[in-house]
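Engineer: Sequence:
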Amino acid sequence: MGVASHWQQGGSSHSPVALPPQHLKDVALDFFMCSFIYASPFEPYLPQLYGMNHSTQAVLPAIHAAAFATFAQRTRDENLMKKARANYATALLHTNKSLSSPRSSLLDETLISVLLLGLFEAVVFKGGQSPESWTAHTLGAVQLLRLRGADQFRSKTARQLFTQTITNIRTSCIQRRVAVPQEFLDLVKEASPFLDPGHPCIQIGPILDQAASLRSRVAAGTVDVVHAALEVDQGAIALCELIEPNMRFTPRSSEMSSRWAYLTVEYNYLTRRHAKVWNTIRMIRMFMNKTIWVHSSLSLQHTFQPGETEYCSALHSYEELLELRNMAADNLLELETDILRSVSCFLEPENLGGKFCSSARCLIWPLTVLSQSELVSPSARKHAVSCLYQIGEDLNMEQAIAAAKMTQEMNHHEDWLHIYHL
57 MGVASHWQQG GSSHSPVALP PQHLKDVALD FFMCSFIYAS PFEPYLPQLY
107 GMNHSTQAVL PAIHAAAFAT FAQRTRDENL MKKARANYAT ALLHTNKSLS
157 SPRSSLLDET LISVLLLGLF EAVVFKGGQS PESWTAHTLG AVQLLRLRGA
207 DQFRSKTARQ LFTQTITNIR TSCIQRRVAV PQEFLDLVKE ASPFLDPGHP
257 CIQIGPILDQ AASLRSRVAA GTVDVVHAAL EVDQGAIALC ELIEPNMRFT
307 PRSSEMSSRW AYLTVEYNYL TRRHAKVWNT IRMIRMFMNK TIWVHSSLSL
357 QHTFQPGETE YCSALHSYEE LLELRNMAAD NLLELETDIL RSVSCFLEPE
407 NLGGKFCSSA RCLIWPLTVL SQSELVSPSA RKHAVSCLYQ IGEDLNMEQA
457 IAAAKMTQEM NHHEDWLHIY HL
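Using this note's numbering, the letters of the sequence shown correspond one by one to residues 57 to 478.
Treat the hints with care, as some may be off.
Said to hold, decoys possible - Straight-line alpha carbon distances no greater than 27 Å define the calculated DSSO-like cross-link-like pairs of lysine-lysine that follow: (1) Lys438 / Lys411; (2) Lys411 / Lys81; (3) Lys245 / Lys153; (4) Lys153 / Lys212; (5) Lys153 / Lys138; (6) Lys212 / Lys138; (7) Lys461 / Lys438; (8) Lys245 / Lys212; (9) Lys411 / Lys461.
Unchecked claim - Distance windows between CB atoms, simulated: (10) Gly205 / Val234: 40 to 50 Å; (11) Pro405 / His255: 26 to 36 Å; (12) Gly291 / Leu354: 17 to 27 Å; (13) Ala275 / Lys461: 55 to 65 Å; (14) Gln357 / Lys245: 34 to 44 Å; (15) Asn407 / Pro100: 48 to 58 Å; (16) Glu375 / Gly291: 17 to 27 Å; (17) Ser442 / Ala385: 15 to 25 Å.
Simulated from the structure, these hints should not be mistaken for lab results.
Quick reminder that beta carbons are idealized off the backbone N, C-alpha and C, glycines included.
Let's have the full structure, built from the sequences with the hints guiding it.
Structural biologist: The structure is reproduced here in structure tokens:
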């Protein structure tokens, strides 16, 4: 039974019917399980888990906290958010108890509870500060992976949890501009024989590690990063060639496209999950090409003349730098276009209103980056801001509105990367 069946007909699409408490919980769970976690890492295992017998007291209140929080956000209902926070407090209490037990700390449900607490923190995060609570839960989940050892790979759910957690920590490292810790890389290496090498998250993982390392070097003021950025970009391009045929997209022309088509074209994907994979690769490439463009430009500002070989980096001549900068500019133009043409994939069908669906929250990060970058074309920045406002309106997501306003006010605080993988 879909959430829409519980909502008022003819009124605001965000106003829930007055329901008894138990029924209201069912509606929130319905929305969370059927809509919010679609195309997220929780989708493959969480709905099945909910109806099972539970070995800890933490997982149910953790699910309820996330369900009430996401539904409260969608309906702008503060009373629902109070219920979410009450369940969060209960879940946190029981999760901490589970973590203190040598036996319970190794259970799948304990790790799931930690991941759900992180989801809750990401949902309620308003911006204007570092997402420290989400980061804390993410780092805590990594500690659990170490404790769980090789036994954690015996079940499909456990392997899914491992993949989800390592993606979260890589995301956190990129966002915090720190290299992925070596002990974490060693853990992933030990786990590799148990993981599906064809899973997109496993394939993209090494590229994310390289991106985190490079971003940390840039943040530390390292000057010569052009060659490293070029290598990562080439690795990302090679990864695109490995993507399975059913994950590829097809362009759709203006006659069939929605109003959110960019430059009269949009891309059609088999699933929204496939669009997320492509946009992850595109965003990595955008950062790499921005790095190449910026550092090549800085070097070209020196008073070297064409034909000179003496240059602040031993890796590139003047002509090579000029070629690299032009290449990066061309790549950035192509990537911004590809990202914006993926936007309409996250629209509901016209017969359901044609609004952005819950999984469109994953667009907030790439759209924010596009809207804030001076290297992005004015038309792309304008389109990105318009999309952010519409996503914010359709999903009642303050984060999307805040991102759009930050761009217009030239007040760039967050990149919202942590929302992308939830």
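Engineer: So which hints don't hold here, by number, going up?
Structural biologist: Of the numbered hints given earlier, those the structure breaks are 3, 6, 10, 13 and 15, listed in rising order.
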